[in-house]
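Residue numbers (this note's numbering): 1 to 464.
If you're looking for bench data, these hints aren't it; they were derived computationally from the structure.
Ideal Cβ placement from N, Cα and C applies to all residues, glycine included.
Be aware that a few hints might be false.
Quick list of the computed label-pair ranges, beta carbon to beta carbon [what the hints assert, rightly or not]:
#1 G271 x D26: 23 to 31 Å
#2 P36 x G299: 21 to 29 Å
#3 K443 x R216: 37 to 45 Å
#4 A78 x L185: 42 to 50 Å
Subject to a maximum C-alpha distance of 27 Å in a straight line, what follows is the list of computed DSS-like cross-link-like pairs (lysine-lysine) [claimed, not checked]:
#5 K436 x K206
#6 K137 x K206
#7 K353 x K170
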Amino acid sequence: MQFISTRGQAPRASFSDVLLAGLAPDGGLYLPESWPQFSAAEIAAFAGQPYQAVAYEVLSRFAGESFTQDELKADIEAAYAGFESPAIAPLRAIAPSSNGSQYLLELFHGPTFAFKDIALQILGRLFTRALGVRGGKVTIVAATSGDTGSAAIAALGGLPNIEVFVLHPKGRVSEVQRRQMTTSLHANVHNVALEGSFDDAQGLVKDLFAQSEFARAIGLTAVNSINFARIAAQAVYYFTATAALGKPATFVVPTGNFGDVFAGEAAMRMGLNVARLVIATNANDIMARALNDGVYESGASHATLSPSMDIQVASNFERALFEASGRDGDWVAAAMSDFARTRKLVLPQPVLKELRARYSAYACNDADTVAAIKAVAAEAGQVIDPHTAVAVHAARRIPASATPTVILSTAHAAKFPDAVARAIGRDPDMPESLKKVMDLPEKLDILPNDLTLLRQFISSRLAP
Numbered sequence: 001m002q003f004i005s006t007r008g009q010a011p012r013a014s015f016s017d018v019l020l021a022g023l024a025p026d027g028g029l030y031l032p033e034s035w036p037q038f039s040a041a042e043i044a045a046f047a048g049q050p051y052q053a054v055a056y057e058v059l060s061r062f063a064g065e066s067f068t069q070d071e072l073k074a075d076i077e078a079a080y081a082g083f084e085s086p087a088i089a090p091l092r093a094i095a096p097s098s099n100g101s102q103y104l105l106e107l108f109h110g111p112t113f114a115f116k117d118i119a120l121q122i123l124g125r126l127f128t129r130a131l132g133v134r135g136g137k138v139t140i141v142a143a144t145s146g147d148t149g150s151a152a153i154a155a156l157g158g159l160p161n162i163e164v165f166v167l168h169p170k171g172r173v174s175e176v177q178r179r180q181m182t183t184s185l186h187a188n189v190h191n192v193a194l195e196g197s198f199d200d201a202q203g204l205v206k207d208l209f210a211q212s213e214f215a216r217a218i219g220l221t222a223v224n225s226i227n228f229a230r231i232a233a234q235a236v237y238y239f240t241a242t243a244a245l246g247k248p249a250t251f252v253v254p255t256g257n258f259g260d261v262f263a264g265e266a267a268m269r270m271g272l273n274v275a276r277l278v279i280a281t282n283a284n285d286i287m288a289r290a291l292n293d294g295v296y297e298s299g300a301s302h303a304t305l306s307p308s309m310d311i312q313v314a315s316n317f318e319r320a321l322f323e324a325s326g327r328d329g330d331w332v333a334a335a336m337s338d339f340a341r342t343r344k345l346v347l348p349q350p351v352l353k354e355l356r357a358r359y360s361a362y363a364c365n366d367a368d369t370v371a372a373i374k375a376v377a378a379e380a381g382q383v384i385d386p387h388t389a390v391a392v393h394a395a396r397r398i399p400a401s402a403t404p405t406v407i408l409s410t411a412h413a414a415k416f417p418d419a420v421a422r423a424i425g426r427d428p429d430m431p432e433s434l435k436k437v438m439d440l441p442e443k444l445d446i447l448p449n450d451l452t453l454l455r456q457f458i459s460s461r462l463a464p
């Protein structure tokens, strides 16, 4: 299995190369040179299988040449050993509506109570194994809108030969999210509160990769969803959910950086029959506007009750554009260059038609979010987080159909107590491990949105 860049100018790479590099040297994102395929019979056979077994079948199609069967199976088993639900990503039915059967796909049973754990618990182990073979050290710089940071720290904190720098937008994550990151005691973890938005943080990470000499010197890599290994790991639960239902479903995905919903497209391209992928956005509705109006245009980031989606530049959309354009790397490179300069991209009609064949999109404001939390609590007796609520709002706007709807529930409600309390009049129940971080001392540095200062900060922490 070889991987190519969405911008067409980077050498082919192995899975280990992609894992340790993150971003392609031409600034593009990696995708498989050709998508591995599952037959309908193979997918049907996933029904009743442990999540770990399905994860192995999916990941081995990408990583089988970089890791042995025993290595990959061992890492998958270890990754999920600590999850609170043995199903890893259980399906829970919620009250039927005029839109047909609806389910929550619970992705928050890992150590940091967010869907990022499902991929990052595996990535941490694969990083360690790959470095053990190659030697050397890596420096991970992660931009986070709230959940990637804590999941990366939980997966990578304390590991040898890995330094982890996490950039979160100052004042733009929940207190619980912040404390999950800043109370880490691991010496290899460095938390930065950036004076800016998530888009600013993500831009700095991409700028670091663009400074190739510095990036090589520090062994720079990424664990954001720009790393294809994240996409591969997240595609698994689309397979397990479909197999459990025994029929195609519409998946509704809370969407910020576009990685989780693109994992659904990845599953489709591997042979999974998915009725539709629905993008659910908050007031930062760049993806809803792109799909509905045909113009991908970023604006100012708005603070909302669903902060992990307060994003105006969806990095993984580049992968969808590459596929929708017939894998035209030259066009993608030119389009991304134009977008970087003008912050606007008018989608060509053939590309837009291909996107609309798979995706629909709906936006949601904070009032809608609160209403959705309240409705699910009343109808199903379940307390959901505000990001899941954005997806519930979108799901209830889908035209009526007999097709089951699977709503990705991406975080535990306890990570966002203020939003939940606004809806149901009380804080959600908080797991004991989250209660503990609320009383621990925090350690973080505050930096302006400045590439030079960030480089200096990283260099100072890496100095022997």
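Hint-by-hint comparison with the structure:
In this structure, G271 and D26 meet the distance hint of 23 to 31 Å, their C-beta atoms being roughly 29 Å apart. Range check, P36 to G299: Cβ separation about 38 Å, and the 21 to 29 Å hint is violated. Hint check: K443 to R216, Cβ distance near 29 Å, so the stated range 37 to 45 Å is violated. For the pair A78 and L185, the supplied restraint of 42 to 50 Å is violated, since their beta-carbon distance comes to about 22 Å.
The hinted pair formed by K436 and K206 fails the criterion: a straight-line CA distance of about 34 Å is larger than 27 Å. A threshold of 27 Å between alpha carbons decides the hint, and for K137 with K206 the separation of about 20 Å falls inside it, so the pair holds. Of the pairs offered as hints, the one joining K353 and K170 is violated, with about 38 Å between alpha carbons and a cut-off of 27 Å exceeded.
Of the hints listed earlier, those the structure fails to meet are numbers 2, 3, 4, 5 and 7, in rising order.
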